[in-house]
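Colleague: Model the full assembly from the supplied sequences, consistent with the hints where possible.
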Amino acid sequence: MAENLVIVESPAKAKTIEKYLGKKYKVVASMGHVRDLPRSQMGVDVENNYEPRYITIRGKGPVVKDLKRYAKKAKNVYLASDPDREGEAIAWHLAHILDIDKNEKSRVVFNEITKDAVKDSFKHPREIEHELVDAQQARRILDRLVGYNISPVLWKKVKKGLSAGRVQSVALRLVIDRENEINNFKPEEYWTIEGLFKHKTKSFSAKFLHEKSKTVKLKTENDVKKITTQLDGDKFEVTQVTKKEKLRYPAKSFTTSSLQQEASRKLNFKARKTMMLAQQLYEGIDLKRQGTVGLITYMRTDSTRIADSAKAEAATFIENQYGKEYLSKSKETKGKQGAQDAHEAVRPTGVERTPDQMKAFLSRDQYRLYKLIWERFMASQMAPAIADTVAADITQGDLKFRANGQTIKFKGFMKVYVETKDDTDEEKEGKLPPLEKGDLVTAEKIDPKQHFTQPPPRYTEARLVKTLEELKIGRPSTYAPTIDTIQKRNYVKVDQKRFVPTELGEIVHESVKEYFPEIIDVDFTVNMETLLDKVADGEIEWKKVIDMFYENFKIDVARAEEEMEKIEIKDEPAGEDCELCGSPMVYKMGRYGKFMACSNFPDCRNTKAIIKTIGVKCPKCKEGEVVERKSKKNRIFFGCSRYPECDYTSWDKPLDRSCPKCETVLVERKKGKSAQVVCPNCDYKEQEQK
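Residue numbering for the sequence shown follows UniProt numbering, beginning at 1 and increasing consecutively.
Worth flagging that the hints you see were computed from the coordinates, not collected in a lab.
Please read these numbers as outputs of a predicted model, since none were measured by experiment.
There may be inaccurate statements among the hints.
No more than 20 Å apart at the CA atoms, straight line, and that leaves these computed lysine to any residue pairs for SDA-like [unchecked claim]:
#1 Lys-588 <-> Phe-601
#2 Lys-359 <-> Glu-375
#3 Lys-288 <-> Val-351
For each label pair, taking beta carbons as the anchor points, the in silico distance ranges come out as [what the hints assert, rightly or not]:
#4 His-96 <-> Leu-327: 47 to 55 Å
#5 Asp-537 <-> His-96: 18 to 26 Å
#6 Glu-572 <-> Arg-39: 30 to 38 Å
#7 Thr-389 <-> Ile-636: 39 to 47 Å
Backbone N, C-alpha and C define an ideal beta-carbon position, used for all residues, glycine too.
Modeller: Quick look at the structure:
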């Protein structure tokens, strides 16, 4: 037995670290937490100063037994769980079951799993930071008090299997509030006038801006006519040309939140998938001859800080690869207010390990995420892009149009990476012809267009993560499980990559809103996060925070149990009869959404999925109807209603018409926000529809 025992959470992490430390160290995995509150009961003694009752997690008995056996034989025991509050709590629980003295310097932390970082951390072991443990313990107990008090009320009054968590209730509220905004939105009419102008041989567009140097609001068609009737012929003059140089700066390196957002926008990854892949990259990848190496720094962080050594390494790489002019000259700016700054931003542990070099050792999704992290970090250390912008005023009498153009003069960081934006329609400015003051141009077309204001968009996963972060609700580690929970509970569904509240979600929300208003109050939740941060900083005792919350909360629970009326979710007639017993079929609400069931339950247990037909006969068997189905990953596809007799399937939506070239049934193929009608058998295509 080695004289030093090191305990980490996962086998992958253990494998990586053991290679760095050598034969004197045995590294084993605890497989996450070994102790927790019991699942079958509250586990918190509210009459005894909120004393928690921790038990060994079911199934972890053999793990605990092995850890005790290894620890008994070892001279030193080191607890090397992750460098955050959750990791500190895991170390504290391990110290308890292994009888490690609380003053012993047994805690080892590192922000990246590389040979140098790991070896250096073992030179500086420290005591367990009990303030961090208390902050995590307070959060766990708060969530337990909320969940284990509200959920039973919902089971009695609404439906079994429901839950209402502290952070998930606020996330659900955001989705429902947005849906209400959309439903109550009243569109307003407005108009724009765009002109297509020609200078010599090149055409360009410009938008109507002023009348008599004043901005005119074009609300109706009459407002437009007042402008267009003033036009006299097609000759206009260029009265002003303004040329400027504009700098565009790179985005900072990833935090947990910005990583989840960008992976959602660019790679279409769910937050949970992003964190799973990032964990794999952090814990270590086998690079064959180079051994197992952690490719990125710790992925749960709200800091954008970068170590000086990493900056220097990046600067050398950028200068050698792209040239000295691509080096950033700006100084490090302060991170956002409220950031813990406990460790660095998410970045590659070594810039020389480029995505192309790592591709052979990574799965497709691991590679895509690593490439995103590597490119974002490198771009953050590069010089700003420089653009030449031109604004030209095109005038006739009292009327003024303005044309804007932009060309990139120096790519800077854009040579490596450009951040995407969520729910934006940024107008792309092209290059204008070389216009000079006094030039005459010809109007080829003056095009008035009617518009209507649009409601705010529903939340995408990226936008919801961003909003939770902006409102300071939850911590970086909670975004993914929160979003996952409201989907699993069927409180929200995803429609075209956007969250829509379900009937069940709205019922739960209204119940919580009426009887537990503090739970869904954004300010209250934010204040609670601030108090938990103060616990971590040693400014307030954790049991005091729990007591401040629970005194009012227990009154709300008693009132809800007494006053909340039982809500009956009535079965909706399905409009067809059961093929087994002839009774009417009804729509029922299940854990995974609505389904059809026989109204004669329990005497008849016939159930079936709700099938959406699209009005097209099956192209293969010519007998069945094409129906919309969902894959295990919730992706929509199309198949024959006679399955399994007919195995026709298609990712593209079949149409009720045939190809004019080969008579094959045409399909509608989605391409982002647009769609195109194509033939799956030949090269026939129709124009894309936006």
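Colleague: Evaluate each hint against the coordinates.
Modeller: Hint by hint, here is what the structure shows:
As the CA atoms of Lys-588 and Phe-601 are separated by approximately 11 Å, the hinted pair is consistent with the 20 Å bound. Of the pairs offered as hints, the one joining Lys-359 and Glu-375 holds, with about 14 Å between alpha carbons and a cut-off of 20 Å not exceeded. A threshold of 20 Å between alpha carbons decides the hint, and for Lys-288 with Val-351 the separation of about 18 Å falls inside it, so the pair holds. Between His-96 and Leu-327 the C-beta distance comes to about 50 Å, which sits within the given range of 47 to 55 Å.
Judged by the Cβ atoms, the range 18 to 26 Å given for Asp-537 and His-96 holds: they are separated by roughly 23 Å. Glu-572 and Arg-39 have their C-beta atoms about 34 Å apart, which keeps the hinted 30 to 38 Å range intact. At roughly 43 Å, the beta carbons of Thr-389 and Ile-636 sit within the given window of 39 to 47 Å.
Violated hints for the displayed structure: none, as all numbered hints are satisfied.
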